[in-house]
Amino acid sequence: MQTTANAAQQALLPSPNPVQLLDPTGAEVEQHGTVRDYAMPDAGRLRQIWRQMVIGRRFDIQATALTKQGRLAVYPSSRGQEACQVGATMSIHPTDWMFPTYRESMALVTRGIDPIEVLSLLRGDSHCGYDPIATHTAAQCTPLSTQLVHAAGAAYGEKRRGRDSVALAFIGDGATSEGDFHEALNFAAVFEAPVIFFVQNNKYAISVPLSKQTKAPALAYKGIGYGIRAEQVDGNDPAAVLAVMDVALEHCRSGKGPFLIEAHTYRLDAHTNADDATRYRSADEVTAWLDRDPIARVEAWLKSRGELNDDIVAATHAEAESLASDLRDRMNTDPTVDPMSLFDNVFATPTPQLEQLRGMVQAELSAEAQA
Amino acid sequence: MTVTMSGALNAALRDSLEADDDVIVFGEDVGTLGGVFRITDGLAETFGEERCFDTPLAEAGIVGFAIGMCLTGFRPVVEMQFDAFAYPAFEQITSHVAKMRNRTSGRVGLPMVIRVPYAGGIGGVEHHCDSSEGYYAHTAGLKVVTPSDAADAYSLLREAIDDPDPVIFMEPKALYWSKQDVELPSQRPGFGEAVIRRTGSDVTLVTYGPSVPMALQAAEAAASEGWDVEVVDLRTIVPFDDETVVESVRRTGRCVVVSEAQGFAGVAGEVAARVSERCFHSLQAPVLRVSGLETPYPAPMLEKTYLPGVERVLDAIARLQWDDVPDLSHEPAAAVSRG
Ligand SMILES: Cc1ncc(C[n+]2csc(CCOP(=O)(O)OP(=O)(O)O)c2C)c(N)n1
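Read top to bottom, the protein sequences are chains A and B.
Residue numbering for the first sequence follows the numbering used here, starting at 1266 and increasing by one per position.
Residue numbering for the second sequence follows the numbering used here, starting at 186 and increasing by one per position.
These are calculated hints, taken from the structure and not from any lab test.
Errors might be hidden in some of the hints.
What the hints assert, rightly or not - In silico contact screen, one side only, chain A against chain B (beta carbon under 7 angstroms); selected entries: (1) 1310; (2) 1389; (3) 1442; (4) 1470; (5) 1475; (6) 1486; (7) 1602.
Since the model is a prediction, treat every value here as computed from it, not as a measurement.
No residue lacks a Cβ here, since even glycine has one placed at the ideal position from N, Cα and C.
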């Protein structure tokens, strides 16, 4: 039976295969079977994403090294996910909101946040080193999916204020099973909140593979039930990520509500430095993904067009190196955290009980200082 | 043999799976990985995916699913990955798990165990160090258990799995790697029986779970200042062993309750109230609490300041002299004369 819903349903369908503009060798591929046309980003943007990915990866490797030196308590690497983190972040404006998880350190660096502030949570000196209001960037979130509902609310708030800011919310594949993911999608759809839910499907939630997480043919299909437009994209193709972000942003900014992106990518390192990935995946699997390196892919395209030469590559790596060594130097000093700051932000006005405890700790510290 | 608490928990799960085909283990990463703390290490391998399996990442889903499986006769043992990540399941736990027997006039019992690695002292980041036992203990219908050594961990977990009611099994993360010389299977006192970990005649420290080793240290330190301190380990918060606690405090006449959770409206307050009610005539001084600060659990670098430690316990003991007007504000150590 023909129903009026057919056209609407059709519009909600994501492309049957992930959108890809560059193949792993960096050659342009014909778009076929996509539900919309995607425009190849211009060379300038691809140079920019390449540069930022080089810097991001160097930062990520440095952060992992810092865990070995005991400078970071723990670090969840996003090596291999550069196109997603850099591409999505680069596409939004400073006035747009970003809602990162613990894994989005590289996205935060791309956002322009001082790397040392990006690492506060993981270093252990503060739960959030940067100012979320000033940076329009929420604190990194560790309880899974809970930030998505916040993103929906923030996006709706912006809309009510008559501004055209969108919210970009990151989430992993495993976290799509959480109830809050579903509530967030539903709220965003119902309130037509301009939020982009960016799922980095990196194939594992710690050790659990996607096949044990969901029976959906693709996570992008989860948009349909909520009436949300969705798309799947090759998350290791920087050009495709930018192109799909363009469509999603246009959709959001023109008042059509939320958009769901599933980016197919891979987590090359373990879940965190504390995890042992050999217990749940094979070396062959990882090696296969090394051949889909997002940086190499766009670098090949840029070189073939004469948009990039060895000198620029060398200079950019040198720049990344010096940013890493600067970070290393700054992380080498032991951060000083004032124990009295414990009491600073529990309530706007401290309770008498808190003041008593403050007195107790103050006295302990003075006694220690005298001893 | 030398056993860690995590090894003892793993052995208890193994032996329960072996003993009863209806016991099943599930949760996030409990299969191939063996849990992020490796408590379920090797269970999927030994018993197969039917008995120990990974679920989608959804705490409410895990607990709700376990409720349904209980209806068909299973005895699920589920893992919440970390204390603060059990909160999405809180609605299922309080609204259904705790109340099901009552809601169904006794027709449906839920013989499930919800394992929660909890508390701090491991340098964990935000949301990984909560002491959430108070929430569960405050909810009628839940048993709340927390071992402090390997032998108890084994014995209490076996009993929890055999129990006809839902048990919230709180595992002190900081003690997972603590070692003990013990032969497994160990059989210790059952639910609702506290044990005296150290005898003494001047003061009773009542404590449980992660704070037990610290309280024992404090008792040692107090000995050198002339205080003979008794340490009572509750082991189960619900049911609560009034008898052991009351008997001890009546003997010593003084009581300090030590817990890592924040003091306000918590388990320590409950203990203090019960002691006051039952030991009023024996008490030489008010019952004091030493607990975590009333601030959100801080970033790792401040956890030493946050957590109650030996010094704070000693200060509390010093305030128990009661020879003058008692100072019940948290008076600084320096201002209190000891001895
Ligand atoms: C509510 C909640 N439950 C459990 C955890 C513990 N945990 C941290 S990360 C993680 C896996 C998340 O996987 P995924 O969503 O795929 O994101 P990825 O880490 O792969 O980026 C789990 C189970 C958590 N942080 N929050």
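How the hints compare with the structure:
1. 1310: violated, 34 angstroms
2. 1389: holds, 4 angstroms
3. 1442: holds, 4 angstroms
4. 1470: Constraint on residue 1470 of chain A satisfied, holds at 5 angstroms.
5. 1475: violated, 10 angstroms
6. 1486: With a minimum Cβ separation of about 16 angstroms from chain B (threshold 7 angstroms), the hint on residue 1486 of chain A is violated.
7. 1602: This interface hint holds because 5 angstroms falls under the 7 angstroms limit.
Hints 1, 5 and 6, counting from the list given before, are not met by this structure.
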